[in-house]
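Make the full structure from the sequences, and use the hints.
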Amino acid sequence: MKKYSLLLLFVFLSSIAFSASNVYVAQDSVTLRSDKLVSDTNIIKNLSRDTELTLISMHYSGWSKVSTSDLTGWILSDQLTKKAPESLIINKANTDPNKIKLLEQVLLRLKNENNNLIAKIIDIKAINDKKIKELTSNLNKVEAKGSQENIDLKPMKNQSLSDSNTLLLLIAGLILGLVVSFIFSRILRRRNNKLNIVSRSY
3 MKKYSLLLLF VFLSSIAFSA SNVYVAQDSV TLRSDKLVSD TNIIKNLSRD
53 TELTLISMHY SGWSKVSTSD LTGWILSDQL TKKAPESLII NKANTDPNKI
103 KLLEQVLLRL KNENNNLIAK IIDIKAINDK KIKELTSNLN KVEAKGSQEN
153 IDLKPMKNQS LSDSNTLLLL IAGLILGLVV SFIFSRILRR RNNKLNIVSR
203 SY
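Read in order, the letters of the sequence shown are residues 3 to 204 in the working numbering.
Note that these hints are calculated values from the structure, not bench results. Here the structure is a predicted model, which is why all the values come from computation and not from measurement. Just so you know, even glycine gets a beta-carbon here, dropped at the ideal spot from N, CA and C. Treat the hints with care, as some may be off.
No farther apart than 20 Å at their CA atoms in a straight line, the calculated lysine to aspartate or glutamate pairs in the EDC-like style are these [as the list claims (entries may be wrong)]: (1) LYS85 - GLU54; (2) LYS122 - ASP165; (3) LYS84 - GLU54; (4) LYS103 - GLU115.
Cβ pair distances, simulated, as ranges [stated by the list, open to error]: (5) GLY175 - GLN81: 52 to 62 Å; (6) ASN142 - LEU176: 28 to 38 Å; (7) GLY64 - LYS101: 37 to 47 Å; (8) VAL144 - LEU110: 42 to 52 Å; (9) ILE45 - ASN24: 16 to 26 Å; (10) GLU88 - ALA128: 48 to 58 Å; (11) ALA128 - LEU178: 21 to 31 Å.
Structure (structure tokens):
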């Protein structure tokens, strides 16, 4: 008698804990039935995996009474889970207007920074091309004047090397900026994902 009392108490407490909460179909093609029997005559509807249901009560026989938007029936309890599917969590996170707005602002800022860096690289490249043309022109003039042996070409070569080093430093700065922007966006995305984790328990 004491065992039955404990069993009834457990079932009662379980039904209170799980009543009026959301559950999800844990398997493919689960049958919603009109009563707690496996029969071909009491089938109401076949439910697909991850279908959201409202748990009304749990029965000690292993059945749970659930409802959809328009139907109420019985499903075997082991075919249900309290764990929300990942697709539902992602959809909820993606539809949060504040998070969407924040991510759009971050994306816009990163795009602007990227466009500014590209514009600077284009300007530097144009200046560098112009200087290279001038140096080439000067070298051609020097070669044409083969009789002038006292012209020192070292300053022009050093200037060319200095310009190349400047260009390399700017390109390295651009790559570093893009890497930092990418890492920042990944950190932001992970932080948002952590905020959206739903604890799942049966």
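(message) A range of 52 to 62 Å was offered for this pair. Does it hold for the Cβ distance of GLY175 and GLN81?
(response) Roughly 58 Å apart at Cβ, these two residues keep to the hinted range, so it holds.
(request) With a cut-off of 20 Å on the C-alpha distance, tell me whether LYS103 and GLU115 pass. (result) holds (18 Å)
(message) Against the 20 Å threshold, does the CA-CA distance of LYS122 and ASP165 hold or violate the hint?
(response) Holds: LYS122 and ASP165 sit about 15 Å apart, inside 20 Å.
(request) Check the following: the C-beta atoms of GLU88 and ALA128 are separated by a distance inside 48 to 58 Å. (result) holds (49 Å)
(request) Could you tell me whether the CB distance from ALA128 to LEU178 stays inside 21 to 31 Å? (result) holds (22 Å)
(request) State, for the Cβ atoms of VAL144 and LEU110, whether the hinted interval 42 to 52 Å holds or is violated. (result) holds (51 Å)
(request) Take a quick look at whether LYS84 and GLU54 sit within 20 Å of each other, Cα to Cα. (result) At roughly 10 Å apart (the allowed maximum being 20 Å), GLU54 and LYS84 satisfy the hint.
(message) The hint says 28 to 38 Å between ASN142 and LEU176; measuring C-beta to C-beta, is that right?
(response) holds (33 Å)
(message) So if I understand the rule, the pair passes when the alpha-carbon distance is 20 Å or less; does LYS85 with GLU54 pass?
(response) Given that 20 Å is the threshold and the Cα spacing comes to 10 Å, the pair holds.
(message) Quick check: does the Cβ-Cβ distance between GLY64 and LYS101 fall within 37 to 47 Å?
(response) holds (40 Å)
(message) Can you tell me whether the CB distance of ILE45 to ASN24 sits inside 16 to 26 Å?
(response) Hint holds: Cβ distance 23 Å, inside 16 to 26 Å.
Figure legend: structure checked against the earlier numbered hints; every hint is met.
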